[in-house]
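Here is what each chain is made of, one letter per residue.
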Amino acid sequence: MSEATFQVPVGPQHPALKEAPENFMFSIDGETVVDVKARIGYNHRGIEKAAESRSYIQNIYLVERVCGICSIAHVATYTPAVEEALNLEIPPRAKYIRTIIYELNRIASHYLWLGLAGHEIGFDTLFMYLWRDREIALNILEQITGNRVTYAAFTIGGVRRDISSEMAEKAKNGLSILEERMKYYKKLCLNEPTVLKRAVGVGILKPQDAITLCAVGPLLRASGVKSDVRADDPYLVYDEVPFYVVTYGGCDVASRVLVRCDETLVSIGIIKHALDRLPESPIRVKAPRIVPPAEVVSRTEAPRGELIYYLRSNGTDKPDRLKIRTPTLANIPSVCKSLIGGYLADIPIVLAAADPCFTCTDRMAFVNVSNGKRWVWTREQLRRYSMKWHQQN
Amino acid sequence: MAPTELIITLLQVLIFPGIIFLLGLAFVYEWVDRKFYARLQNRYGPLHTGPSGFLQPFADFVKLLAKEDITPQAADKPLFAATPILLLAIPIAALFCIPMTGLTALVSFEGDLIYIIFLSTLISMVTFLAAWSSTNPFSIIGGLRAAFQMLGYEVPMAIVMVCPAIAAGTLNISGIVAKQGTSGLWFILSQPLGFIILLICLLAEIKRVPFDIPEAETEIVAGWLTEFSGRKLALLRLSIDMELVFAAALTTALYLGGPAGLAPIPAIIYFLVKTTIIVLIMSNLRALFARFRIDQMVHGSWKFLTPLAILQVILVELAVG
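Top to bottom, those sequences are chains A and B.
743 is the number of the first residue of the first sequence in our numbering; add one for each residue after it.
51 is the number of the first residue of the second sequence in our numbering; add one for each residue after it.
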């Protein structure tokens, strides 16, 4: 650190990070960001470990709580992993319903994000309008699943609730409103000079950097890289519904806004298509409780990017190991890269542009950086360490 | 001065149209601003205290007075304690020079326009001092931004404040108001450009969206206000409301003919109506824009506002001859 720089902490408590406590230590020279160090781990919840002591059915409701915004993405990645280990094929109607709920969740998530982006650049009116309209998406989800946030709609072997034709009609009406509103917001973002001033050319992430730093999701697609699990490795019914991968080549915040606007419109198209073509079949098949020993990797395209689940079963009703790689964790290096060289005032919007969901991200591991040695502490060791730390400080 | 005259002057200063009246007006305009802003955003705004939440700003003020007042250990304590009082006193002192109930202000002398320009600069300087005295990284960045912002808006604002003075041929605000009253021609009609520039500069002066850069919530927590709490924060919030009253009253006096109007209705009514319109315009602007970045703000004001302000002066000079 040179003498000219000034340390500004963003987080663990900061208005730009409403959702979760993470720390970004910025070195500032005037208003320019010289360096940034990310520190995660303030909200470690031990979900992966907890999953090992719960049965496969109980784990559905546990992983649903990994993230409050894209809760469906986690269940929709976990359940196929278990079904793969069981070698179980789910009925076609269940696949369609899963796709519909997944895409509705993506719409709610993107609406939420766009509103937050408005708030980060001081445009509270956009925030209020988008969150008002997001209610339509939540109402459709509530109608279909009975819940607004944690839907509890999926189960191993299918889904728990069917979509009736009246529900489909109501959902389509709501979707038409959402489509019209999103077109309006896209037009607004393209024409409002203060928004453009804050978004165009801000937080540049070059395609080469995005690929090197393993960015995923809208962040990667806004750098012009065509990568979407839905298209690259189709799951559910994405090989049957018509959709295209949205990319923009601007590499800046404006492109990330536009990618999400267009993705919302694409999702609406997918849902409308799927609602019209719901096949007639049962909505679930009975799945055994005991899962034979297997190793499965399952991945889907969550609203924030590629979400990966690794599952190892050991022939009991509880998983031996469940490993979750959330998209935000993959995006942190890219975000740090795009922050350097920008303005202090642009920190919130660049951070937000990755749509970070930090609580899903937190991991903990002991690594000695100098020799690469890793180790594990027991709970008792952790407790003793914390007591010693408190006595010293 | 006769004793009765003294008492009347004292009452005028303390009650109407002095301190008590101005404090009330500050709360009312905060309510107008909050309510209108909320309705524009499809929200309800304050509802709970009083009819339609009319007393909410006052209730907030009282609540803050009762809260714990924390002074950071590293703060420059005398300055930290003095700045909230100064920041409240400056806009009140400036408002005494602006006519409200009649054609003459409470305090009126030749050159009081210059005095007001000086006081409005002082607001930014004290803001910077308040930030500096609280020794918090967020506060200091906020204070620096307030100072930068002042470098941006101050020159065009001073220029367009002088335009009505040139047209009226006096540096006395009461004189400017009287001139508009007698000729019946408000300066907004002859100098619309000046009015718009003044409104933009005043938005920057009172630090509102799109120029709320010094207190940008999502970037630097509360900016220069971060460390203030309890009574000090209550005074600072009141002073921000008072600056809104000041901005509205100044625009009214310079460009909308002040409290001048047709005879049977008292002048104060005209004043209230005109200032409310200015407050509504400012709330509307607040709902329309995203926040600028500090470099964009300074850049824009030197590139566009200052040349336009100079153009306005030239036009006025040509018109006056």
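Please note that the accuracy of each hint is not assured.
To be verified - Which bits of chain A does chain B cover? Going by a derived footprint, with three or more residues having C-beta under 8 Å, they are:
| no. | region |
| --- | --- |
| 1 | 795 to 805 |
| 2 | 824 to 836 |
| 3 | 935 to 949 |
| 4 | 1077 to 1087 |
Everything labelled a hint here was simulated from the structure, so no lab data went into it.
For glycine and all other residues, C-beta sits at the position ideal for the given N, C-alpha and C.
Okay, the hints, checked on the actual structure:
1. 795 to 805: It is violated, with 0 qualifying residues against the three required.
2. 824 to 836: violated (count 0)
3. 935 to 949: Coverage by chain B holds here, the residue count being 4 at a Cβ distance below 8 Å.
4. 1077 to 1087: Holds: 3 residues of the region 1077 to 1087 of chain A have a Cβ under 8 Å from chain B.
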